[in-house]
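A.B. asks: One letter stands for each residue in the lines below.
There are 2 protein chains.
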Amino acid sequence: MAKVATKYFVTEPYSVSEKGLNLERNQVSESIFSLANEYMGVRGTAEEGISADTLRGSYFNGIYEYAREDVPMHYKGIVKRTHFMINSVDYLAVEIYADGERLDTAKCTVKNFERSLDFKSGVLTRSFVWNTKSGKKVLCVFKRFLSMTKCRRAYQKLYFEGIDGRVNIQVNCILNGNVLHWGDHCYWEHENSGASENLIFVSCVTPTTNQRVVSVQKIQTTATFNGSKSGEYYACNNYSFELNEGQSEQIVRYTVNNAVKNIKCSEEQDRLNAIEELELSANEGFDIALKNSVEYWNNFWNTCDIEIEGDEENQQGIRFCLFQLQQTYHGYDPENNIGAKGLTGEAYSGHAFWDTETYCLPYYLLNNPVAAKNLLIYRYSKLEQAKQRAKMLDCDGACYPIATLNGNEGCTLWQHASLQFQPSTAVVYGVWHYALVTGDEKFVKDYGFEMVYEVVKFLLSRGDWNASKTKFGFYSVMGPDEFQMMVNHNCYTNYMAKRCFEYFISLCSRYLELCKKFGVSKEFLAQIQRACECTYLPTDKSGMIYEQHEGYFELPHIDIHSIPVTDFPLYDNWSYDRIYRNDMIKQPDVLMFMLLYNQSFSKQCKLANYEFYEPRTIHESSLSPSVHSIFASELGKHDEALKFFGFATRMDLDDYNRNANQGLHTTSIAAAWMNIVYGFGGIRTDGEKLVINPTIPGIWKSYSFKINYKGSIAKIKVEQGKATVSVIGKPLTAVIAGKEVTVSSVYEFAVKNP
Amino acid sequence: MAKVATKYFVTEPYSVSEKGLNLERNQVSESIFSLANEYMGVRGTAEEGISADTLRGSYFNGIYEYAREDVPMHYKGIVKRTHFMINSVDYLAVEIYADGERLDTAKCTVKNFERSLDFKSGVLTRSFVWNTKSGKKVLCVFKRFLSMTKCRRAYQKLYFEGIDGRVNIQVNCILNGNVLHWGDHCYWEHENSGASENLIFVSCVTPTTNQRVVSVQKIQTTATFNGSKSGEYYACNNYSFELNEGQSEQIVRYTVNNAVKNIKCSEEQDRLNAIEELELSANEGFDIALKNSVEYWNNFWNTCDIEIEGDEENQQGIRFCLFQLQQTYHGYDPENNIGAKGLTGEAYSGHAFWDTETYCLPYYLLNNPVAAKNLLIYRYSKLEQAKQRAKMLDCDGACYPIATLNGNEGCTLWQHASLQFQPSTAVVYGVWHYALVTGDEKFVKDYGFEMVYEVVKFLLSRGDWNASKTKFGFYSVMGPDEFQMMVNHNCYTNYMAKRCFEYFISLCSRYLELCKKFGVSKEFLAQIQRACECTYLPTDKSGMIYEQHEGYFELPHIDIHSIPVTDFPLYDNWSYDRIYRNDMIKQPDVLMFMLLYNQSFSKQCKLANYEFYEPRTIHESSLSPSVHSIFASELGKHDEALKFFGFATRMDLDDYNRNANQGLHTTSIAAAWMNIVYGFGGIRTDGEKLVINPTIPGIWKSYSFKINYKGSIAKIKVEQGKATVSVIGKPLTAVIAGKEVTVSSVYEFAVKNP
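Protein sequence lines correspond, in order, to chains A and B.
Counting in our numbering, the first sequence runs from 9 upward without gaps.
Counting in our numbering, the second sequence runs from 9 upward without gaps.
I should point out that these hints are in silico values taken from the structure, not numbers from a laboratory.
Honestly, I wouldn't trust all of these hints.
Which copy? The list can't say, so a pair holds if one copy fits it or any two copies do.
[Claimed, not checked] Under the rule of at most 27 angstroms between Cα atoms (straight-line distance), these lysine-lysine pairs were calculated in the DSS-like manner: (1) Lys714 with Lys381; (2) Lys477 with Lys594; (3) Lys399 with Lys594; (4) Lys549 with Lys477; (5) Lys299 with Lys611; (6) Lys479 with Lys549; (7) Lys158 with Lys115; (8) Lys115 with Lys15; (9) Lys747 with Lys718; (10) Lys453 with Lys723; (11) Lys27 with Lys525; (12) Lys88 with Lys453; (13) Lys530 with Lys158; (14) Lys614 with Lys115; (15) Lys723 with Lys747; (16) Lys530 with Lys611; (17) Lys145 with Lys27; (18) Lys747 with Lys525; (19) Lys718 with Lys395; (20) Lys15 with Lys530; (21) Lys709 with Lys299; (22) Lys399 with Lys709; (23) Lys760 with Lys730; (24) Lys718 with Lys27; (25) Lys714 with Lys477.
Fair warning: this is a prediction, and the values are worked out from it, not measured in the lab.
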């Protein structure tokens, strides 16, 4: 698989640090040290700038623009123009001079460089000693964090301490709205700016989507204020001070960013609104805000931590994952979703994919049901756009986009946007899964039913019948496995559609009043019933192995181990069409629906399909190994389970995919969590009853995690040979190691790895 | 099929005329009245310009440029940047003023307007009476033609005659190099220009492809020369004269265009070279050149005419077709090929497609074997590019492009360029067909063998074996039918590849010395042999109906007659993916290989396949109806044969496809010829012996055509009830109406339509 770890960061339990400056790694580090609070995100760049590969990124969830040009191929149903999350105002920018020398760690002499992200406070700290050309030494310590609860607030502290010689320091604190997206184009229009000792601000708008970001900032310092400057996209205050040995000075910057997705009032009003909050923030002060942040993260780790004893690297890895996932999304606003790279970069355009419902939703379901609900309400709020997308595809109902920010399809490659329907079936799956785990009937009535109905309408109209009208299924589709492009009866699509039909039929029988309200006709239900009964699921002769699509078994075979390492990634080295004409698969497809509806398949069936498909899977998707690890655990293949777990938690920390410089693999993080909780932890949530059936890798002393299931909070701790389920509050009923029990305090049971 | 004739032109035996000015039809007429001589082409635009929809087009075969931008999707094997034939110097441009009023037939008062193209002289004449604002009347007669033998020469005569009142006429004769391609961008760079009483010239170059066109012009007139003007892209001479009633004046423009595909010398040298020829042309004079043109076309009609008695419209239609095809290509230069729209417009980029070998080659084979040979030599000269294309697709050998001018793939849509291989198999078919009809062994040795070998290498490497290694064939391909996009075991591709393998094996057994020269190994031949034996040709259970591709029979069925007329063209009205997921086909696929290797299939088999596929064919390709007409004739379905013949000869004259404004469907013209000669004429050339087995539509009195078969010239005349084969020179051996005969003068036989 040609994936090799680059060990670089210090292994610590609740933080990640780099010691010493490594310019070649700079852009990867910027991704790793990203901060976010769902509302906004900022990469871990040097605030003062650096002469090295750098991606200065500041993003706001849901703030986006359209591409400047249409794609050249115009046919109905093909997206003409994409949209993407845009790089926005840089509110941490600073220019620092010591005796006239501009600080640039790539050019200046700096010692004891350290950059560290603390998962227990959410604070990113960068510190070093600057040996100036004038022969002085200054200790610089720069801290920043974003409030997780008052999400428009950002904090930055620049601390300077004289070590050797008297030095004159000049600092320009800058707000810069003229930021380039992909280093290429500023998508913002300047609206207003201003600077005074008391306040600097910049307001910009997006020309096409008509969104606004107002950034207001107050600066607290005892340094000398030398004046202000402002202009287009720009506001700046200048300070200076002198330091003798042992003397220190600090500059604290309080920022409030008001990101307005739908402009309703004047720039002035949006600015005054931000300034009001800015006053509160500055009055509260840096230290109290920091204390609140520590408290927030403390609470988080108390409820969501995964502890691994005996494996420091995975311990750090999984905590990094949990920290970053929580930063990206915790259910603050149902208008937000989870981009494939979170708020850490411009790659993947900030788009949300089907990853949200299939990989991320389980994490939130078992840790933060409100967030899980909000993710589904996001899809409900985009139902109109999904209906329009279905119309563009000459279909009925609602088709959810493969990649989107605003609910419209953002993917301009027709072969994905017009052929992949797992986002639509995933939304139905998400509703079903959410209802099953939470028992939230109100949600189903208020939102779920309608979404399921519209998706089912779409599926019925996009599906078709074979020539003899005996088999229903999907023609010219791409399943989750993107290496089989345009096939008929993709088993995943057919199976998921069948389950959607079944779920809708069951909802209709349960909620007659909703059938009436939405005008579900008997004829329609009869059509659904017939399609459901006749949905074709191709298998081998034994009926045990599902055929990924009709004809898959007959495809030319490739021994994937015969492919030279230098051929990876295949998309870069193989002719595009070559990828699509053999039995190699990129990621689980049959195994994927077997994961989602795990308890609907016998162990024998899962084993047969795992053993057939795993050797054909090249895992070019970062989501693939975790799914295989979960199956390997269930099927008693513990060595394989550990092998596939391999880089799940440290994919970005160790830059396995060689592209962490572009941002984090945020949705893969959720797969890492699933790998532990569903894989080793043996949790199953796809049935009426919770299942807990853990195993433990031989090299671990213990591991533990917490879940919130129908209001019961349980901690599951697994050691070699035994495990305990400890319940707080409401008793938990579950099938534990094959036995149904109700646990009200602590239940211990044996764990044996065969 | 939503195709309706717009009868507009006067029906005449050897010309096409419009009477009266019809501004709405202007751009269609410009296409119809196009002139060309293979070297260059010019649309039938008004030389003085017109305020109406117009496409002023002047093209040179093989003069092209690259697009200004890459396509956004970058994967290996996907063409980044296309190339296309560009609009070039306008050497007919003129500004005409009468008493200060600028001539513009759309704005001025003109009477008795007539535009006429004479197939017997190649002259386009436009005439009208101009009632000037100053109250005078002037007869204007403008003539133009291109030399068919001295192909760089163009002629234009502007004739004016006073009818009523004394009028002052001013004429600017212009060379204009600043022409827009697609009305959007001038792809030329100015190089030089000059104007004097004796000569005007403009030289331009292409910036990327480094080609040059030098246009030099000499003007003969007794009008007063008032001066010259030249500048960037521009040269102009001004003349004036006065006319009383009955007085006339004329301006004759002699142009030589030197289109330099590979610049080897200075602009000056290329210009002097052109001027040298210009002197000869002007000295010879307009009338002698015209006489030569008449002679050329006279010869052409003597050898290539098709006469139809009893159907004036098809008589005119087929002669228009033959005239335009001869203008487009007659084998003057093996560096030229036949663009889908010839030299009559910018649509289809001037690209040659597989149409050349499958539709056009038979026409040249039976009328002009030298041209047929040159078409194949064109492919030989592009073998290097085809090898590079194969490499881009991770394959061996040579892959011929789906659309090209310079030998490189010009199609940026990967789904066509990377999945359609009929151009490659068509080249091999062309070699085989050429050798069969001409018996030209030297060609096979000098060119054919190598091309066949390289294509066979490609096919072997692009093809693959099913999982159990029992079936060889092509995976992820698109056959000729473009409504089944990405399929396995497309029967056409598999069958054609099998025939390529067989042909190569037979060549190897015949030409051992060539096997040695090209290093054809025994192992390779064994591989080819095995692939050939195992090539999979899917059929129905009876084995009689070929399955267009594996799984085609199981596709959802559409009743094509249920599709509303308003849905056509489907590419404009259906979601792109919707076109590809049912059993509707755009054009013949199984029937296509049955046409190419007609005598390899039983009549019963052809009937079964015709009756299965015809009702599933929507004929969105202009090449489709003729193929069906040919089969209908063979299968005794004479009414259907006539129905499909319907618009074959008059597709552009009657603008059936509503897009003749963009240029003529030049390769469809060849299909119209095949429709008569192979269809009604019952000619078959795919066996060792020529077959002649004619029928005649009941509404025709008679029809006749000539063929050149292995050096024998035969005229076949078919009347109701009987037919005659008249041979000039070498006796002709053929299977005529089922009986093998050798005809040395005239052979008469009965024709009965069952």
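A.B. asks: From the Cα coordinates, with 27 angstroms as the cut-off, is the pair Lys723 and Lys747 best called within, between, both, or neither?
C.D. replies: Within one copy only: 18 angstroms inside, 93 angstroms across.
A.B. asks: At most 27 angstroms between CA atoms: does that hold for Lys145 and Lys27 within a copy, between copies, both, or neither?
C.D. replies: within (19 angstroms within a copy, 94 angstroms between copies)
A.B. asks: Between copies, within a copy, both or neither: which fits Lys479 and Lys549 at Cα up to 27 angstroms?
C.D. replies: both (17 angstroms within a copy, 20 angstroms between copies)
A.B. asks: Tell me, please, which holds for Lys714 and Lys477 at an alpha-carbon limit of 27 angstroms: within, between, both or neither?
C.D. replies: neither (49 angstroms within a copy, 51 angstroms between copies)
A.B. asks: Please sort Lys477 with Lys594 into within, between, both or neither, judging by C-alpha distance up to 27 angstroms.
C.D. replies: between (32 angstroms within a copy, 23 angstroms between copies)
A.B. asks: For Lys399 and Lys594, with the copy left unspecified, which applies at a CA distance of at most 27 angstroms: within, between, both, or neither?
C.D. replies: between (30 angstroms within a copy, 24 angstroms between copies)
A.B. asks: Cα distance capped at 27 angstroms. Does Lys88 pair with Lys453 within a copy, between copies, both, or neither?
C.D. replies: neither (36 angstroms within a copy, 51 angstroms between copies)
A.B. asks: Reference check for the pair Lys530 and Lys611, CA-CA at most 27 angstroms: within, between, both, or neither?
C.D. replies: neither (38 angstroms within a copy, 51 angstroms between copies)
A.B. asks: With identical chains, the pair Lys399 and Lys709 could be close in the same copy or across copies; at 27 angstroms between alpha carbons, which is it: within, between, both, or neither?
C.D. replies: neither (55 angstroms within a copy, 54 angstroms between copies)
A.B. asks: When no copy is specified for Lys27 and Lys525, does a C-alpha distance of 27 angstroms or less occur within a copy, between copies, both, or neither?
C.D. replies: neither (63 angstroms within a copy, 65 angstroms between copies)
A.B. asks: Measure nothing new, just compare the shortest in-copy and cross-copy C-alpha distances for Lys714 and Lys381 to 27 angstroms and report within, between, both or neither.
C.D. replies: This pair counts as within: shortest intra-copy Cα distance 19 angstroms, inter-copy 79 angstroms.
A.B. asks: Given identical chains, is Lys158 near Lys115, meaning Cα to Cα at most 27 angstroms, within a copy, between copies, both, or neither?
C.D. replies: This pair counts as neither: shortest intra-copy Cα distance 37 angstroms, inter-copy 70 angstroms.
Checked against the numbered hints listed earlier, the structure breaks hints 5, 7, 10, 11, 12, 13, 14, 16, 18, 19, 20, 21, 22, 24, 25; every other hint is satisfied.
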